[in-house]
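Participant: Next come the chains, spelled out residue by residue.
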Amino acid sequence: MRVAIAIVALVLGSIVFHLLSPWWQTPLASNWDSIDSALHITLVICAIAFISLNLFLALAIVRFRHRPGNRAHYAPENPRLERTLTFWTGLGIVGMLAPGLVAWGKYVDVPKDAAVVEAIGQQWQWTFRYPGPDGVLGTAGVQYMTPDNPFGVNPLDPFGRDDILVQGNELHLPKGKSVKLVLRSKDVLHDFYVPEFRAKMDLVPGLVTYFWMTPTTNGTFDILCAELCGVGHHEMRGTVVVEPRESFEAWLGQQESFNQLLAMSSPDAVTEMFRKANSCSTPATWGVR
Amino acid sequence: MATTIADDLRPMHHPKTWVGKYVWSQDHKVIAIQYGVTAIAIGLVALVLSVLMRLQLGFPGLFPWIQPENYLQYVSMHGMIMVVYLLTALLLGGFGNYMIPLMIGARDMVFPFVNMLSYWIYLLSVLVLVSGFFVPGGPTGAGWTLYPPQAISEGTPGNQWGIVTMLGSLAIFIIAFTMGGLNYVTTVLQARTRGMTLMRMPLTVWGIFIASIMGLLAFPALFVAAIMMLLDHLLGSSFFMPAMMTMGQESNTQGGSPLLFQHLFWFFGHPEVYIVALPAFGIVSDLISVHARKNIFGYRMMVWAIVIIGGLSFLVWAHHMYVSGMNPYFGFFFATSTLIIAIPTAIKVYNWLLTLWRGDIHLRVPMLFAIAFLFTFIHGGLTGLFLGNVSVDVPLSDTFFVVGHFHMVMGVSPILVIFGAIYHWYPKITGRMWNETLGQVHFWVTFLGVYAVYLPMHYLGILGVPRRYYALGETSFIPESAHLANEAISVAAIIVFAAQFLFFYNMIWNLLRGPKADPNPWGAASLEWQTPQTPPGHGNWGPHLPTVYRWAYDYSVPHASRDFIPQNEPPSAEAPSEEAAL
Ligand code: HEM
Ligand SMILES: [Cu+2]
Ligand SMILES: [Cu+2]
Chain B
15 MRVAIAIVAL VLGSIVFHLL SPWWQTPLAS NWDSIDSALH ITLVICAIAF ISLNLFLALA
75 IVRFRHRPGN RAHYAPENPR LERTLTFWTG LGIVGMLAPG LVAWGKYVDV PKDAAVVEAI
135 GQQWQWTFRY PGPDGVLGTA GVQYMTPDNP FGVNPLDPFG RDDILVQGNE LHLPKGKSVK
195 LVLRSKDVLH DFYVPEFRAK MDLVPGLVTY FWMTPTTNGT FDILCAELCG VGHHEMRGTV
255 VVEPRESFEA WLGQQESFNQ LLAMSSPDAV TEMFRKANSC STPATWGVR
Chain S
11 MATTIADDLR PMHHPKTWVG KYVWSQDHKV IAIQYGVTAI AIGLVALVLS VLMRLQLGFP
71 GLFPWIQPEN YLQYVSMHGM IMVVYLLTAL LLGGFGNYMI PLMIGARDMV FPFVNMLSYW
131 IYLLSVLVLV SGFFVPGGPT GAGWTLYPPQ AISEGTPGNQ WGIVTMLGSL AIFIIAFTMG
191 GLNYVTTVLQ ARTRGMTLMR MPLTVWGIFI ASIMGLLAFP ALFVAAIMML LDHLLGSSFF
251 MPAMMTMGQE SNTQGGSPLL FQHLFWFFGH PEVYIVALPA FGIVSDLISV HARKNIFGYR
311 MMVWAIVIIG GLSFLVWAHH MYVSGMNPYF GFFFATSTLI IAIPTAIKVY NWLLTLWRGD
371 IHLRVPMLFA IAFLFTFIHG GLTGLFLGNV SVDVPLSDTF FVVGHFHMVM GVSPILVIFG
431 AIYHWYPKIT GRMWNETLGQ VHFWVTFLGV YAVYLPMHYL GILGVPRRYY ALGETSFIPE
491 SAHLANEAIS VAAIIVFAAQ FLFFYNMIWN LLRGPKADPN PWGAASLEWQ TPQTPPGHGN
551 WGPHLPTVYR WAYDYSVPHA SRDFIPQNEP PSAEAPSEEA AL
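Protein sequence lines correspond, in order, to chains B and S. Read in the numbering used here, the first sequence has 66 at position 52, and its numbers run on one by one without any break. Read in the numbering used here, the second sequence has 95 at position 85, and its numbers run on one by one without any break.
There's no promise every hint is true.
What the hints assert, rightly or not - Simulated coverage check for chain B against chain S, where a stretch passes if three residues somewhere in it have a Cβ under 8 Å from a Cβ of chain S: (1) 82 to 96; (2) 168 to 178.
Said to hold, decoys possible - One side only, chain B facing chain S, incomplete, derived with CB under 10 Å: (3) Leu-73; (4) Arg-77; (5) Tyr-207.
To be verified - Far from chain S, by Cβ distances over 10 Å, these chain B residues were calculated: (6) Gln-136; (7) Asp-148; (8) Gln-157; (9) Leu-266; (10) Gln-269; (11) Asn-273; (12) Pro-281.
Just so you know, these hints were derived from the structure itself, not from any lab. Every residue, glycine too, gets a C-beta built ideally from N, C-alpha and C.
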């Protein structure tokens, strides 16, 4: 009896907790309302199942708890009932899977006109690269990396010369413009995660991964690393600033390009960069065009 | 070779010395207890580690000796111990060993010597695992998933020695498991007594049987992954290691694939969830049926659900990898296969509930744990649909929502079943009875406590708090109140931890001082309760094996004189056989 009361209390308590707790999704700041609505549909269907199954459990305990003289009913199975339940379960599953898959369909379908921006992870910081005026990121890879070429941009690739390199942990994006975030890691796995954007994706050394989104709200948001990458994992933070087109352009104009970096490096350093690039036997694995 | 199938008692090899009886024992019951005690002992280590983690998360900065590297080591060891060395070992090596021969009417496992070896090799794997705490650099801190490259790269604790002891221990564990698993499968197939058809077996045996088959198919993937990573680490191969930097230096690795490891790991890792869950499903079915005095509802459906879940669970592994960087188009397939598994799983839940309906429910401690399992399993099963549903997983993956989900579904739920099962079978295993009051207190604190621990975690995850974080630090989106949630969770976790000592006290004290137990205190129909001696003697059945006339669920049969009919009772007017009704 007490356990039936406890079950009912836990169900009601969960509902109250859900409604009153201050912990819920952050306000959405991207185009991924389809992810949010898939989540909400899943939540509603699951809540109905949670409440009805547990109330049935409590009711069964109350009504059929042992009292002297009671005897259980003998009923091995009831195929019709089992088929009906299977059918309704299937319907519930389809009800949540459909919006989930539709949202995923959008997630994997990068718009043709999306701007490309690269986020680079390393233990335990973020750096970023923009493609520059030509709109194309030059090839890059650990095999081109030298102390003076920390991004590992291939100096032999003309597309890389105008790339804009951002050393700080700060990414800027213009509001309302779709971006394809191209992700690569210099060392271990990381994950680019901005809770307000809902989107995330792992960075995998040796691969180029990506996802896309459109920022819809001006503001400053935290970038967290969401894949364990060692003792500094919890401190691997960055910020993303979403701002109007004009201030974004202004900011971008102040950043340094690879050409400028080459011009400022000592002749020895530049020689070293080219020596390394020329000695590369393996093709760049990070190249994206 | 000893054949344990026939009534011939001569080849039984009765042990003559104390050492032969309790140490180098080939008796499945002794081996089961060795497995169980070892698993619980190492499980206690994992439990202490979880308290240390909660201390850090609830009261960051208060314990300066918990550094980020320690935290990661606690997380990794806690997770791996709980999943593999506690739950898998206890459910299969412990309950599987004890219950299979007794429930199917055999004298022992078919390969008693291999069975003994299995335990000793398991013990070795535990010792190697524990040695990780004492090697230079301490145990690995790569997470229980051990993803390369970080598992063997700079910046991860234990990347020199700890990872070697972990991978070595896993490989040894898998050898032990394979010996045990082959035994369980062969015994179920070959050693059933007269009349014990497959469709008369208790669901406990079905759950353990299918889980063992799954283990034999899934563990090899982990085994090769462990060996390949050992080669990468010790011999400099590059199975999983791409060209990369490590701490500013170019590594001399090239061309390996970190994703390959993830596929191998989860090809094992997802079935592993069900290797733990299916025995728990089976056991809880039997607890519910016995204590509700009612046959399990839809037995055949329950068996097929176990088989189908077992099969399908090999087709869903990449739902752990939606945002891993694998080809995103796989997401469509894996989301669909994952949500399809929900259907047989839901059927099991309905059938448990319908077993209670119109039953005669005795709310004893084992039944309370079974009911608590239903509640937590419904909760954990439903949150799994969020994570399986690809796009919904994107914001939630690698957050505390995941931590809340998997603890509810594969941490708390099987543990509740294990408690229920220990209370249920203790009188048969020890011949003594535990104390009801202590059992009740243990139940209430554990049940309510774990819900208080895990419910809020889901909400922190929805907010966006990532898992495996030593400290949240400063963020713009996490409200101050979230720290309050973390404190409350930690307090609840410590209370739950403390309550477990009531359980240990209850079990150990009553082993020596408890009142003598009735041989069949719950009036159960399955064979293990019908042994001539309690606890069952060597060879289990005395001079003659039992003969089985009915399924394991003849409870409250109309016109029968008692409300249960043991499986080995021949049909008569007193005990009509209702199986024909199927
Ligand atoms: C009182 C009981 C328990 C408490 C308080 C507890 C607490 C925790 C905490 C705090 C974490 C780390 C969260 C993070 O920072 O990511 C964790 C991780 C984990 N726990 Fe538990 N846990 C308990 C029982 C269990 C049980 C019974 C299992 C069995 C399946 C389990 C399996 C795991 C796993 C697999 C991980 C993930 C490790 C990783 O991220 O690599 N835990 N637990
Ligand atoms: Cu990280
Ligand atoms: Cu899975």
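Participant: Now tell me if each hint is right for this structure.
Facilitator: Evaluated hints:
1. Check on the segment 82 to 96 of chain B: 11 of its residues sit with their Cβ under 8 Å from a Cβ of chain S, so the three-residue criterion for coverage holds.
2. For the segment 168 to 178 of chain B, the stated coverage by chain S is violated: 0 residues have a C-beta nearer than 8 Å to a C-beta of that chain, whereas at least 3 were required.
3. With a cut of 10 Å, the hint placing B/Leu-73 at the interface with chain S holds, because the nearest CB-to-CB distance is about 9 Å.
4. Look at B/Arg-77: its Cβ gets to within about 8 Å of chain S, closer than 10 Å, so that hint holds up.
5. Given the 10 Å rule on beta carbons, the hint for B/Tyr-207 holds: about 7 Å separates it from the nearest Cβ of chain S.
6. B/Gln-136, annotated as away from the interface, has a beta carbon of chain S within 10 Å; the closest lies near 7 Å.
7. With a cut of 10 Å on Cβ distances, B/Asp-148 stays outside the contact zone with chain S, its closest approach being about 26 Å.
8. The beta carbon of B/Gln-157 is not kept farther than 10 Å from every beta carbon of chain S, the shortest such distance being approximately 6 Å.
9. With 10 Å as the threshold on Cβ separation, the claim that B/Leu-266 sits away from chain S holds: the shortest Cβ distance comes to roughly 23 Å.
10. With a least CB separation of 23 Å from chain S, B/Gln-269 remains clear of the 10 Å interface cut-off, as annotated.
11. No Cβ of chain S approaches the Cβ of B/Asn-273 within 10 Å, the least distance being about 24 Å, so the stated non-interface status holds.
12. No beta-carbon of chain S is positioned within 10 Å of the beta-carbon of B/Pro-281; the least distance is around 23 Å.
Of the numbered hints given earlier, the model fails hints 2, 6, 8; all others are met.
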